[in-house]
Structures are given as C-alpha cells and as structure tokens.
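Participant: Line by line, the protein sequences give chains A and B.
My numbering applies: residue 86 is where the first sequence begins, and numbers increase by one.
My numbering applies: residue 86 is where the second sequence begins, and numbers increase by one.
If you're looking for bench data, these hints aren't it; they were derived computationally from the structure.
These numbers were taken from a predicted model, which means no experiment stands behind them.
Please note: incorrect hints may appear among the correct ones.
It does not matter which identical chain is used: a pair holds within one copy or between any two.
[To be verified] Straight-line C-alpha distance at most 20 Å; calculated DMTMM-like pairs for lysine to aspartate or glutamate:
| # | residue 1 | residue 2 |
| --- | --- | --- |
| 1 | LYS401 | GLU472 |
| 2 | LYS89 | GLU349 |
| 3 | LYS231 | GLU304 |
| 4 | LYS90 | GLU352 |
| 5 | LYS428 | GLU245 |
| 6 | LYS114 | ASP207 |
| 7 | LYS174 | ASP243 |
| 8 | LYS435 | GLU107 |
| 9 | LYS89 | ASP207 |
| 10 | LYS109 | GLU151 |
| 11 | LYS89 | GLU477 |
| 12 | LYS183 | GLU135 |
| 13 | LYS288 | ASP424 |
| 14 | LYS114 | GLU245 |
| 15 | LYS250 | GLU285 |
| 16 | LYS89 | GLU293 |
The residues making up each chain are set out below.
Number of protein chains: 2
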Amino acid sequence: MISKKMQQEVAGSSAIRAMFLEGKEMAAKIGAENVYDFSLGNPMTPVPAEYNQAIIDAVQTESSLELHGYMDNAGYPETRKAVADNLNKRFGTDFEGKHITMTVGAAGALNIVFKTILDPGDEVLALAPYFGEYRGYVANHQGVLKEVAPNTDTFQPDFEDLRSKITEKTKAVIINNPVNPTGVVYSEETIQVIAEIMDEKQKAYGHEIYMVSDEPYRELVYDGNQAPFLTKYYDNTFVTYSFSKSLSIPGERIGYVAVSPSMEGCEQACSALSVANRILGFVNAPSLMQKALTQAIDATTDVAYYDRNRKLIYDKLIGLGFTCAKPQGAFYLFIKSPDADEKAFVQTAKKHHILLVGGTTFSCPGYVRLAYCVSYEMIERSLPAFEELAKEYGL
Amino acid sequence: MISKKMQQEVAGSSAIRAMFLEGKEMAAKIGAENVYDFSLGNPMTPVPAEYNQAIIDAVQTESSLELHGYMDNAGYPETRKAVADNLNKRFGTDFEGKHITMTVGAAGALNIVFKTILDPGDEVLALAPYFGEYRGYVANHQGVLKEVAPNTDTFQPDFEDLRSKITEKTKAVIINNPVNPTGVVYSEETIQVIAEIMDEKQKAYGHEIYMVSDEPYRELVYDGNQAPFLTKYYDNTFVTYSFSKSLSIPGERIGYVAVSPSMEGCEQACSALSVANRILGFVNAPSLMQKALTQAIDATTDVAYYDRNRKLIYDKLIGLGFTCAKPQGAFYLFIKSPDADEKAFVQTAKKHHILLVGGTTFSCPGYVRLAYCVSYEMIERSLPAFEELAKEYGL
Numbered sequence: 086m087i088s089k090k091m092q093q094e095v096a097g098s099s100a101i102r103a104m105f106l107e108g109k110e111m112a113a114k115i116g117a118e119n120v121y122d123f124s125l126g127n128p129m130t131p132v133p134a135e136y137n138q139a140i141i142d143a144v145q146t147e148s149s150l151e152l153h154g155y156m157d158n159a160g161y162p163e164t165r166k167a168v169a170d171n172l173n174k175r176f177g178t179d180f181e182g183k184h185i186t187m188t189v190g191a192a193g194a195l196n197i198v199f200k201t202i203l204d205p206g207d208e209v210l211a212l213a214p215y216f217g218e219y220r221g222y223v224a225n226h227q228g229v230l231k232e233v234a235p236n237t238d239t240f241q242p243d244f245e246d247l248r249s250k251i252t253e254k255t256k257a258v259i260i261n262n263p264v265n266p267t268g269v270v271y272s273e274e275t276i277q278v279i280a281e282i283m284d285e286k287q288k289a290y291g292h293e294i295y296m297v298s299d300e301p302y303r304e305l306v307y308d309g310n311q312a313p314f315l316t317k318y319y320d321n322t323f324v325t326y327s328f329s330k331s332l333s334i335p336g337e338r339i340g341y342v343a344v345s346p347s348m349e350g351c352e353q354a355c356s357a358l359s360v361a362n363r364i365l366g367f368v369n370a371p372s373l374m375q376k377a378l379t380q381a382i383d384a385t386t387d388v389a390y391y392d393r394n395r396k397l398i399y400d401k402l403i404g405l406g407f408t409c410a411k412p413q414g415a416f417y418l419f420i421k422s423p424d425a426d427e428k429a430f431v432q433t434a435k436k437h438h439i440l441l442v443g444g445t446t447f448s449c450p451g452y453v454r455l456a457y458c459v460s461y462e463m464i465e466r467s468l469p470a471f472e473e474l475a476k477e478y479g480l
Numbered sequence: 086m087i088s089k090k091m092q093q094e095v096a097g098s099s100a101i102r103a104m105f106l107e108g109k110e111m112a113a114k115i116g117a118e119n120v121y122d123f124s125l126g127n128p129m130t131p132v133p134a135e136y137n138q139a140i141i142d143a144v145q146t147e148s149s150l151e152l153h154g155y156m157d158n159a160g161y162p163e164t165r166k167a168v169a170d171n172l173n174k175r176f177g178t179d180f181e182g183k184h185i186t187m188t189v190g191a192a193g194a195l196n197i198v199f200k201t202i203l204d205p206g207d208e209v210l211a212l213a214p215y216f217g218e219y220r221g222y223v224a225n226h227q228g229v230l231k232e233v234a235p236n237t238d239t240f241q242p243d244f245e246d247l248r249s250k251i252t253e254k255t256k257a258v259i260i261n262n263p264v265n266p267t268g269v270v271y272s273e274e275t276i277q278v279i280a281e282i283m284d285e286k287q288k289a290y291g292h293e294i295y296m297v298s299d300e301p302y303r304e305l306v307y308d309g310n311q312a313p314f315l316t317k318y319y320d321n322t323f324v325t326y327s328f329s330k331s332l333s334i335p336g337e338r339i340g341y342v343a344v345s346p347s348m349e350g351c352e353q354a355c356s357a358l359s360v361a362n363r364i365l366g367f368v369n370a371p372s373l374m375q376k377a378l379t380q381a382i383d384a385t386t387d388v389a390y391y392d393r394n395r396k397l398i399y400d401k402l403i404g405l406g407f408t409c410a411k412p413q414g415a416f417y418l419f420i421k422s423p424d425a426d427e428k429a430f431v432q433t434a435k436k437h438h439i440l441l442v443g444g445t446t447f448s449c450p451g452y453v454r455l456a457y458c459v460s461y462e463m464i465e466r467s468l469p470a471f472e473e474l475a476k477e478y479g480l
C-alpha cells in the first residue's frame, strides 16, 4: 500500500482530474470550440524567439559536456550573475551572483526555501486567497500553514488578522504578488504595513520572521502597475521566481531564489539553499535552460495579449452585473459567486460550457477563479454563454 | 536563523566543499595537469550527437508552447511510451506508457517514490556501501534508513544481515545496480536470493515491501555483464533511472520511474507518483529534454571509453598490491585502505596529488572510492604517484 498521506492526495487529485476529463468529454460531444475552458493557468503567448535561438546557439557552440553537465548546485556562475544584474538594473537592488540560487521553477524555489528555514511545527502564513499548492509545500517540510483573511472589498490582506496570526512559532509569511487567484497587485502601502507588522513581531519574539515572496506573475502587470520589490521593504526576504509565465516556458522548470543581501545570516542562507537543492533531489536547475537564460535574460513576453483579454472579459462581466476586484496583474479574475454555494455556481457555469475553478481551492469559498490566458476568440465566443449564466442568476 | 537540520547539513557540506577547494588550490600551485582528481562521478564521454540534434529539431519544428509547455505531471504520453517500448525491447518486459513517470533525474525519481510509499517512521534498507544521498532522500519523507552489511570479499550483500534487518516497519529495500561506489554488479543469483527473502518477509508481515531499484549506471557495464532487470524477479518493484550517465547529461535532470505492471495496486502507485511530482515541486521532468529523448531514446554513450580507463587503473593498482573488488560496471573502484584509518590514507594520497573519497561517505569505512570517469591521459600521468603511494605503505 502507498502511504496514508499519499492515498488522501491521490483521492483529492482524482477529483481535479475528473473535472478535467469531464471537460474533454464535453469537447468530444459538442466540439472543442463550444467549450469555454477558463480553468487552467497555462501561458498562451509565444515563447520569445531570442530564447529559442539562445537554446540552439548554446547547443551548436558550447562543449556538450559543459552544456549538459553538472555545475554548482546553485547554478552556473554566469547565469546567477545575469539574474542579479537584471534585477539590479530593473529594481535598483544590489544583488551579486552569490545571492542567486537557480531552481527547478518557482515550485522548486519555494521548496528549497521551506527546507532551509522550517523545523517541524514551525508556522507559515499565507494570505487568502492563495495558491493551494502552498499547503503541500509547507507540509513537505513538516511546517504548519495558517491562513490570513483577505479584505474582500479590495482583496488586499486584512492587516489586523495578519497581526493576530503571527505567533512565537511563525517562521515566514508568503507574499504572492501579483496574486493568483485574484489578479490583484498588493500596493506599496500594503507591503509597507506588512513589513512593519512583521518587523515589530520579529523584535517581540526575538527571531527572524521571513518574507517569502512568490512572484511568477511579476512581469504580467497592466495599466502601469508594478508589484513592489520586497527586498527594498524588508531585509529578511527570499524572493522566489519562475520564468514559466514571463517566457511561456512552464514545462522547462526554471526559476530562482534571490536572497536579500541585508538578510540576517545571508551567507549561511545562500549555502543552505544550494544544499537543499541537492538534498531534495532537484540537484540543480536544468543546465541548457540556464545557458539559454544567460543569453536571453532580457527577453519579454507579449503582455498586451493578456491585457486585451482582460479588458474584454472584465468589462463584459461587470456589465452583466457580476462582481469582481479589478485585476491589475497575472491572468486571473476572481468573481464573487452569485450563488451562496460556489460549487453549485461552478456546476451551473458548466451547464453553459464554461469551466471555472471554485474559490475553495484557494481557501476562499464563495468565489470562482477565471483564467483568461486563452485565445481572444474563445473569450468572444463565450460571451453569449456568460449572458445566459447572468440571466439564470437574475443579474 | 535557518532550521536546525539545515545548519547541520550546511556544516557537512562545507567539509566536502573544503576538500574541493583544496584540490583547486593544489591545481593553482602545482598545475592542474599534476593533480589527479578521482573524486567526482561526473560523466566524461561526449553527449551523443543524435541527442543534441533531437534538441535542435524539436526547437525548430515544434510549436513553442507545446515544446516548453505544461503536460501531465507524469510526462508527455509519447515520451512515456518511448521509454516503455525501449525497456520492453531490451528486457522482454511488458511496460505501457502509463507505468512510466518522467522525473527530474534519478534523485527526483527516488524522492517521488519515497514520498509515495513512506509514512513517518517507516524503514528503508540500503545495502552498504551505498550512495550517501539516500540518507537525505529517506529523511525528506520522515523515513528511517537502516543499513545492511556487505560481504567485503565480493561486495555482494550479506543475505543473513538483510534477513535480520527486515522488520514490521520495513517498507522498502534500495538496490543500486551496478553499485556506486564499488563498481560491482549484483548477479542474478544475488537478486534472486534478495527477492526470496523479501517475499518471505512481506508474507510474514502481511504488507508490501518494495524493491526500489536505482540504476543510473545500467548502461555502463563491461565484459558482457548486465545488471538483472528487477521487475522480472520481484513484482513490487519501482525502477528509478537517470539519463545522466548513459547520455552524459547530468545537468539536465531527466530520468523516470517505471512501476512493475504486476505490482499490487499498480494503478494507484502510478497516480501517486504523478501527484508526488507535483507536490514536491518538481511538477514535471523538463519538457524539451522529454521531447529530445522521445526522438533519441536509442542513443548510447561510448562505454569503451570507460572500459579502457578501468583496465588501465585496475590492473595497475592490483599490480602494485592494492586490494579491490573487480569492477564490472559504473565508473568506480573501491579500494581497501592499506591504512586502518581510511581518512589518513586519503590524506596521504593527497600528498601525492591523488584525490579520492573516503568510504565513510558510503557507510563503509576502511575503503576509498576512485572514480575513473576522467581522461585516459590523466590516469597515465597519475601512475607514478600511485607507485609512490604503494611504496609509502610498503605494498
């Protein structure tokens, strides 16, 4: 028999898989063009041509043993330097290569951070609504995840709830910005207040409380917004990043952790991340992707593509009477369920061939997530179905 | 402060790093050509040209979103099928794609297997001497690693010790074949005896005891040897594999788990491995590498290169009076330390500019590991230093 914990995980995962298969069956029955699948956060913009060219150049010009070989568990020195330089140029930070650990995506990055900082029973706070995978990542390292409530008018965090949830055992607060699933960008003021609360608490308890920034959507921001860069507001910060969304390469598993040079015990933390890469079995970020990134670090994706989608679907939903916080980043809308039971609403939407994800997945029942990283044409085709859905709820 | 466990890990890792730096300093002082570094298990044969061509072809011909995109956590169906077909062709097995989970190397493969099968406190047996990383991999999932003694004449396992170490809590036995660090290949008879003991014990305790086969060195075998394919001898078997050594691509982190179709609860185990890939933060094996592998699954490395090295260094060492089991696979020799204190021998060898790894790392003190995945020329240059070393010990 597999382990008891995994039996539960498989059962939970089967439910998601069942939904996915239901979508497939629906497509087979009524035609894929008549199914409006807004359930997946999968990038849709083309991979930048210079990134693919950098891959080919590396294969054609580098020694194959160097290209596909082992390097320091933290990554190639030149890749780490390229990331540091890129951050410094954009955010006025002062990273050096030694502060950067290349990782197997943001998921790998978060896991090596938690391995580095958590002893069994340590608590990690997540700001609801949040990416459900955090639960597993914290549990992997025997940590305990606790939730901070949102202010559901703005979907900025509820500061008083944050203050009350930090205890002697709190080791970290995860800050995902822009936020999956709401698309909200936490403002500079929000970050300043969070930093003040955390700093007050780390002084009161006499130990570090780390900010763990999870920002795979950093580059996907609209209307001139930008997520504040957290090391500028709080010293004990780990920034975790993935190139999955910014370069549309989620399958390649490439990201990094940047450690604030001002972190207490920065050098030891950097060493520990590298060791954690090894112990957890990541070993290192895929080598060819590191090489390509070194050359194409300035490549960017077509944010305008998502922005066009955002405007179309947001304006339509608001026009129909739905309620949702205005998304300023990522590629999600978080819609208030017009049915008190969000699961019933997800089922009703499905009747209209619209696939959404219930907010319970993100620890925020009563809402649903819509991912607009789809084709503009699919959104256009779906609009009559949303009209029907609104009618059904008397909006 | 980082976690208590990681503080220990960082301290241990610093010792290894210190040795590595010492080697670098030695090279700076006396010239790299005069340092004989046999400490690292890093492949030296060129990456097969068809593998690099498969990468370029994939980048030039496939849709970039498909090429670098998410797929099922278990991998692309066509890659999984290519692996299954390749195994069936070579070993007469009957895998289907659904039995294969593509992984982030063998390290990723072992970690998703342990996540899948271990509840806290479950025991895993490793046959000494063994790859030290197993300790961390088992501990990651709150398992307890126990050691089985070797028969040091042949470095086949001590069967009676194996029998006595299997308890009610034993969930798995790791079998690494060919063996790092000895280079020994466990014979078919060895595997049959292990399978009998395990089968008897799983009947006695009324629950599965899994064979976890770790075989990154499967393709590196000499003199017509071949490591027995374990699913043919024992049903409850997970085979973990990496292409790191067979294609010289250790930096790319690509491997797989193959689940025996005859395993009790095979389907649930396969689902769990895929879920574990996600939860542990691997998510999936790097996508471009999966694509390249699908095309170049039959590519092989130049085993003759290692074989030539093996003969040169083994014959020389035996000729000088050193004792070591004849290596039939991998690229390691495990030499009996002529000094009762193996650490002293490692230091003495270093005086002669020979870098070796002490057997304590592999839970087998009194021996040292020599990795001959180096250039033939370096071995030739090193021979006088081995002569001096032998003389110093009066061999």
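Participant: Now tell me if each hint is right for this structure.
Facilitator: Hint check results:
no.: 1; hint: LYS401 / GLU472; verdict: within (9 Å within a copy, 83 Å between copies)
no.: 2; hint: LYS89 / GLU349; verdict: between (39 Å within a copy, 16 Å between copies)
no.: 3; hint: LYS231 / GLU304; verdict: neither (28 Å within a copy, 48 Å between copies)
no.: 4; hint: LYS90 / GLU352; verdict: between (35 Å within a copy, 17 Å between copies)
no.: 5; hint: LYS428 / GLU245; verdict: neither (29 Å within a copy, 58 Å between copies)
no.: 6; hint: LYS114 / ASP207; verdict: neither (49 Å within a copy, 47 Å between copies)
no.: 7; hint: LYS174 / ASP243; verdict: neither (33 Å within a copy, 60 Å between copies)
no.: 8; hint: LYS435 / GLU107; verdict: within (10 Å within a copy, 64 Å between copies)
no.: 9; hint: LYS89 / ASP207; verdict: between (22 Å within a copy, 12 Å between copies)
no.: 10; hint: LYS109 / GLU151; verdict: between (43 Å within a copy, 18 Å between copies)
no.: 11; hint: LYS89 / GLU477; verdict: neither (42 Å within a copy, 57 Å between copies)
no.: 12; hint: LYS183 / GLU135; verdict: neither (26 Å within a copy, 35 Å between copies)
no.: 13; hint: LYS288 / ASP424; verdict: neither (44 Å within a copy, 54 Å between copies)
no.: 14; hint: LYS114 / GLU245; verdict: neither (50 Å within a copy, 61 Å between copies)
no.: 15; hint: LYS250 / GLU285; verdict: within (13 Å within a copy, 52 Å between copies)
no.: 16; hint: LYS89 / GLU293; verdict: between (34 Å within a copy, 14 Å between copies)
In this structure, the hints that do not hold are numbers 3, 5, 6, 7, 11, 12, 13, 14, in rising order.
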